[in-house]
Amino acid sequence: MRLSRVLLVFLTLTAGWFDRTSAQESGIAVGAQAPVVTVNDLDGKPVDLGQYIGKKPVFLEFWATWCELCEELQPQVRAAQAAYGSKVEFIGVNVTVNQSPQRVRKYLETHKPGFRTLYDTEGTSIRAYKVPATSYVVIVDRAGKVAYTGSGGTQDFERVLRTVTQDQSTPAGMK
Amino acid sequence: MMRVSGLFLALTACLAAASPMTAQDRTEPVRARVQGGPDIDQRAPDFSLPWANRDGVGPIESPYQLASDRGKTVVVAFYPRDFTKGCTAQMRTFAEQYDSLFGPNVVLVAISSDSVQTHGRFAASLGLPFRLLSDPDQRVSKQYASKDSEGYNRRTVYVVGPDGRVRFRNMSFNALDPKDYSELRGAVRKAARGS
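First to last, the protein sequences are chains A and B. The letter at position 10 of the first sequence is residue 10 when you use my numbering, and the numbering goes up by one with no holes. With the second sequence counted from 1, adding 1000 to any position gets you my numbering.
FYI, nobody ran anything at the bench for these hints, they're computed from the structure. Quick reminder that beta carbons are idealized off the backbone N, C-alpha and C, glycines included. Heads up, some of the hints might be wrong.
[Said to hold, decoys possible] Covered by chain A, according to a simulated footprint, are these stretches of chain B (three or more residues, beta-carbon under 8 Å): (1) 1064 to 1078; (2) 1106 to 1117; (3) 1164 to 1178.
[Claimed, not checked] List of simulated lysine-lysine pairs, BS3-like, C-alpha gap at most 30 Å: (4) A:K106 <-> B:K1190; (5) A:K130 <-> B:K1142; (6) A:K45 <-> A:K56; (7) B:K1179 <-> B:K1072; (8) A:K130 <-> A:K45; (9) B:K1072 <-> A:K130; (10) A:K106 <-> A:K45; (11) A:K130 <-> B:K1179; (12) A:K45 <-> B:K1142; (13) A:K145 <-> B:K1179; (14) A:K145 <-> A:K130; (15) A:K45 <-> A:K55; (16) B:K1142 <-> B:K1190; (17) A:K112 <-> A:K55; (18) A:K87 <-> A:K45; (19) A:K87 <-> A:K56; (20) A:K45 <-> A:K145; (21) B:K1072 <-> B:K1190; (22) A:K112 <-> B:K1072; (23) A:K145 <-> A:K106; (24) B:K1179 <-> B:K1190.
Take the sequences, apply the hints, and build the full model.
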């Protein structure tokens, strides 16, 4: 009797938590298996992320040309790519909402963001990674597990990149 | 009692371990599950709310009333909060692709719990060509099953046909998913045709 009362109280108190786990825009959980999806590049050619995920660390950023935070984040991404680009696959997935391939190409010419650009016209990766906002970064470790998620113009992913590449020294050029 | 406490602690520990805190958790409102709200073919509940647009706050004596647009297709979009990342992306897309998504004879209104003053600043910052309605006590959001448990709205979209009935609804609209926008475009066209 007492046990069931305690459990009832517990379940009532944690009901809100379960709602959080079904959040509409919460992003993929750290520790989850990274979804392997196919996304087109800017020429419309399919790129299977399975060629990287589970084989080497992957840095994914979901971005758009109109995203100010993505632009703010660019120097940090460029520095990370310069430091870890030989060990980590850097991919920028353009969310394609309010975008066109021409607009994205023009932007890439001037901004050179430091990643290979994919163009997700179907929103496949947006749904698979539960992308809550542009500037959303997901780092996947060599085993294919999500090791980091975050968003914003400044992010703290250096430590995670160091861990997933099993390199404890801070490469030159990183903050 | 020891066994009960142990069980409680173990369950709490499991939940804590399975709950990674990310930057997103700290910056974005959290939403609850969907329940109720007017379904397809049901009459859309009427409401009247104060509004603002890019030109400023609307007259207090002239709130927006859904019933006043009977005979037109009306898109009612609930969203969490002005000036947040997802909402900025959604409203900017609605504004920049207005003709393609909605067309000239369709009315779009977007609803959050922000004040009309905040709405005015948000609409002006993005040049939004449609009204933002203020629902501070979330009375309307609740009627449309778009109120979450923490004082924000869920991101949902309803298309109300010229006859005042719901013709389409997306109860988990994703501001970054191109598929959600193309489905909305198709639903608006279908509702406007009256089919």
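Going down the list of hints, with the structure as the test:
1. 1064 to 1078: violated (count 0)
2. 1106 to 1117: violated (count 0)
3. 1164 to 1178: With 6 residues closer than 8 Å to chain A, the segment 1164 to 1178 of chain B meets the three-residue bar; holds.
4. A:K106 <-> B:K1190: violated (35 Å)
5. A:K130 <-> B:K1142: Holds - the C-alpha atoms of B:K1142 and A:K130 are around 25 Å apart, at most 30 Å.
6. A:K45 <-> A:K56: Measuring from Cα to Cα gives roughly 22 Å; hence the hint holds.
7. B:K1179 <-> B:K1072: holds (25 Å)
8. A:K130 <-> A:K45: holds (23 Å)
9. B:K1072 <-> A:K130: violated (34 Å)
10. A:K106 <-> A:K45: holds (19 Å)
11. A:K130 <-> B:K1179: holds (14 Å)
12. A:K45 <-> B:K1142: violated (44 Å)
13. A:K145 <-> B:K1179: holds (27 Å)
14. A:K145 <-> A:K130: Given pair A:K145, A:K130 holds - Cα atoms ~15 Å apart, limit 30 Å.
15. A:K45 <-> A:K55: holds (21 Å)
16. B:K1142 <-> B:K1190: holds (27 Å)
17. A:K112 <-> A:K55: holds (26 Å)
18. A:K87 <-> A:K45: holds (24 Å)
19. A:K87 <-> A:K56: The given pair, whose Cα atoms are some 7 Å apart, holds under the 30 Å limit.
20. A:K45 <-> A:K145: Holds: A:K45 and A:K145 sit about 26 Å apart, inside 30 Å.
21. B:K1072 <-> B:K1190: Status holds; Cα separation ~13 Å.
22. A:K112 <-> B:K1072: violated (46 Å)
23. A:K145 <-> A:K106: violated (34 Å)
24. B:K1179 <-> B:K1190: Given that 30 Å is the threshold and the Cα spacing comes to 17 Å, the pair holds.
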